[in-house]
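Colleague: Turn these sequences into a full structure, and let the hints guide you.
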Amino acid sequence: MFRTCDITGFKVDLNSEKFIRLNAVMAVVSLLLAIVAAILLVFTRYQPVHLLDAEWYYRLTTFHGLNALIFWIVFFEIAGLYFGSTVVLNQKFCSPLLGWVSFVLMVAGFLLVDVMIMMGKADVMMTSYVPLKAHPLYYLGIILFAVGALLGVSLFFANVVNAKREKNAGETLPLFTYGLVAAAIIAVITLATGAIIYIPTFLWSLGLIEAMDPAVYKLVWWGLGHSSQQINVSAMVSIWYLTTFLALGGTSINERVSRSAFVLYILFICLASAHHLLTDPATSSAWKVWNTSYAMYLAVLASMIHAFAVPSSMESAQRRWGFNKGLFEWLAKAPWSNPAFTSVVLACIGFGFIGGTTGVIFGMEQTNIIVHNTLAIPGHFKGTVVIGTTLTFMGITYYLIPLIFRRKIVAFKLAQIQPWLFFFGIAILAVSMIALGQLGVPRRHWDSSFSGGPFTHTFNPSVDFFWTLMMLGGSLAFIAALIWVLQVVVSVFFGPKITGPQDMQLPLSPLAPAAKEHKGYEAPGTLVLTLLFLATFAVLFFVNWKWLAATWWVK
Amino acid sequence: MSLLAPSEGWFQKKVAKDERMWILIAFAVCIFLFVWMIMWHVVGRQNPSNTTYKTNPTEFAQLHDAYVKKNMIGMDNGIPVVKPEPGSDVILMGQMWRWSPALILKKDEWYNLHISSKDLVHGFSLQPSNMNFQIYPSYDYVLKFKPTAAGECKILCNEYCGIGHHAMIGKIVVIESDADLAKYGYDKLSAAPADYSSSATEEDISGWSNEQLVKAGETVYNLKGCSGCHKTDGTVQIAPSFKGLYGSKSKVSDGKSTFEIQVDDAYIETSVTEPQKHIVVGFEKTQMAKLDLSANELKQVTAFIKSLQ
Ligand code: HEM
Ligand SMILES: [Cu+2]
Ligand SMILES: [Cu+2]
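Chains as they are written, first to last, in the working numbering: chain A, 1 to 555; chain B, 1 to 309.
Among the hints, erroneous ones may be present.
Stated by the list, open to error - Computed footprint of chain A on chain B; a stretch qualifies when at least three of its residues, placed anywhere within it, have a C-beta under 8 Å from a C-beta of chain A: (1) 22–35; (2) 38–44; (3) 70–80; (4) 111–123; (5) 213–220.
Because the hints were derived from the structure by calculation, they are not lab data. In this text, a Cβ means the ideal position worked out from N, Cα and C, and glycines have one as well.
Modeller: Structural data, given as structure tokens:
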């Protein structure tokens, strides 16, 4: 059963719409759980309040990690994959029955995991490094969730293949769907690795396997843990291109380049899990250097390519719309009243300047010594996966509400400032966590006064400043995320129904006019921005190596 | 197009000048980073070690016990203190929830630290220098360190290892000469009790006086890591204090019911040999680790607990 969208003209399969909605709802529920836990964590680590006791602090750290990093993101991605493989291709959902099976498995896994954590049966952090052991049902929950997600990914492939066969999709896949295909391929590799590690761990927790090697566990676990981040990056970058199209009518200035970058992700990303093992015994330096550098940084290169391709697609479209003055008129006159656009631009900035710079530096074999397992690490991925992925997903939801849920966004003015609040909140949170980590403060640590220990330690006095900053940033981010959740829930359930294109609050741009003819630089503003990024990177690079050189000698 | 098939001729389109420039710069940066890491192995002074030995927790614990017994020069808050010779092999063990032993090192000398864990994965985090390494059970990670600044350092644990994780903190003191020891209160350390090394597993100790047993028991308490969780001054955070424990009544649960039990030799023995049999009410969350004590050590530590009235 199809309906024809009166706004976009796409044929929308009603089954597909249902599964997109269901998965999106579960995503929002997960995010809500995650941020409620997060604010409690923030006020526990902020020592003047020190809210939770040790037991609940560790329990909620586990809970926060899983609900945010796994459930929120994967549910949303499954929704996105269905959207990209049906609506965008005018394609029907291949098997509603399997759609239900996938969804039910994922929800069952989600419930099992969360209930086990809350019952105190799985205080093991999301990484559950053996020999820490959780209740078997916890591992079973993860396995069910992963199987459900894998099924969802297969349905995506089936839809795409059908669309090609039935010639609904045209000769070449749209860039958005192409990026999602990359994400889905990485997802298959990732989930297979997940099976390799979680199935034996499950059997071990049941007592059927005698012992698990802790080093092997950590190695394989990160094959899952890291590669899954690359799913996020691919999905996120795809949405960046999508938003440029929806908001400005533009596309990559050279689709061949953008598409090749996605291929680089697929080819090289799976090696990168080494950057979680840089200061571990059991593997050699040669292995570490080769792998952490993504086989000579070819995956980093892919991200750098997108770092140019995405903003330049915006710049090029804007220039063709006539905002051609100077270097930055295209940016100043961009549609900042469109919250999806704002989210994506801020996500790009945060992802690059906070997440990207620190990611590359912390992921080098030697500089990892001064940050491994400190608060700087969660600080780094607050830049990538929270400002980057999460804010992007939040932003694109502003399009999903009218187009898929067919509702107007309630309190639209609030939606226009929400991305800014979230951006600044997380940016402050992330930067203070990075600073604290570089001053030695550990992550996953209940009490920085070390009560009950034989000794105590006093960090550099400037930590007090950053603890306060982190608390403020965390609170701001919490409020912003809560606004988003409330707005989505209220709009979806109580918002005025959309009756036609006139109800659309976010503009859908027509295609940007074709370029007249141009010589030389196509996106000079972008080039300046990327060079600025490079300069920031160079400064941070220098500072970190300087710090490293000041530590004890070790070999 | 992002949502539509790309426009005609997309595959042949030439890469714009600025985009080509950026890709070349980015590629150069990638190569630079790769080469830099390799070069640092040649010219840099901080490189994660490549030496690891396979071991197992029991074996490493024995190694640790023997090393500490042989070399300890005193105690600091329940942690044995060792002053290794420059250039020597040093054993450092992480266990729930302490690093043992505490070390006195000389500035600008090399030491081969063998670090491993007796139970879970731990994180070796040297402060304020801020150097961090991952420590596993079953792997002996050999890190050659040369301290470059004098002063008092701490070893935090930065890998979650259970409820007492935050209390897992060890100590390394770096001195320039022995005169510095006074600064850290390490000039008057009393060496181990004379009969300490004889708290051996095999020897017949039936003739020992109570005083001898208590002294040896205190060492067992410190050496085997009881001190990591049980305090002797009445403070309770992770586990019940040993002060006044002997002869009192403990409220425990065996999983089915809760009841009071008399703390005597037999109860202490089961507490150690089968920690999960009776769980003290109020400590259900913090699990006591299983520590292998010989019959002699058990007898000695029991005498020590008895002496803490
Ligand atoms: C309101 C927004 C958020 C706040 C205030 C927040 C705060 C925090 C804090 C304080 C920690 C550190 C816990 C510790 O080691 O002491 C943390 C860890 C973490 N956060 Fe968030 N967070 C937020 C949103 C998110 C989102 C949206 C994601 C994922 C998409 C996320 C993923 C994680 C992960 C994976 C960890 C590591 C957990 C672990 O160590 O096992 N957070 N967060
Ligand atoms: Cu990673
Ligand atoms: Cu720990």
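Colleague: Do three or more residues of the region 22–35 of chain B come closer than 8 Å to chain A, measuring C-beta to C-beta?
Modeller: holds (count 10)
Colleague: Apply the coverage criterion to the region 213–220 of chain B and chain A: a residue qualifies when its Cβ sits closer than 8 Å to a Cβ of the chain, and three qualifying residues are needed.
Modeller: violated (count 0)
Colleague: Three or more residues of the region 70–80 of chain B near chain A by CB distance under 8 Å?
Modeller: holds (count 4)
Colleague: Can the region 38–44 of chain B be counted as covered by chain A under the rule of three residues or more with Cβ-Cβ separation shorter than 8 Å?
Modeller: holds (count 4)
Colleague: Check whether three or more residues of the region 111–123 of chain B sit with their beta carbon closer than 8 Å to a beta carbon of chain A.
Modeller: It holds: at least three residues are needed, and the region 111–123 of chain B offers 4 whose Cβ sits within less than 8 Å of chain A.
This entry does not satisfy hint 5, going by the numbered hints stated previously; all others are met.
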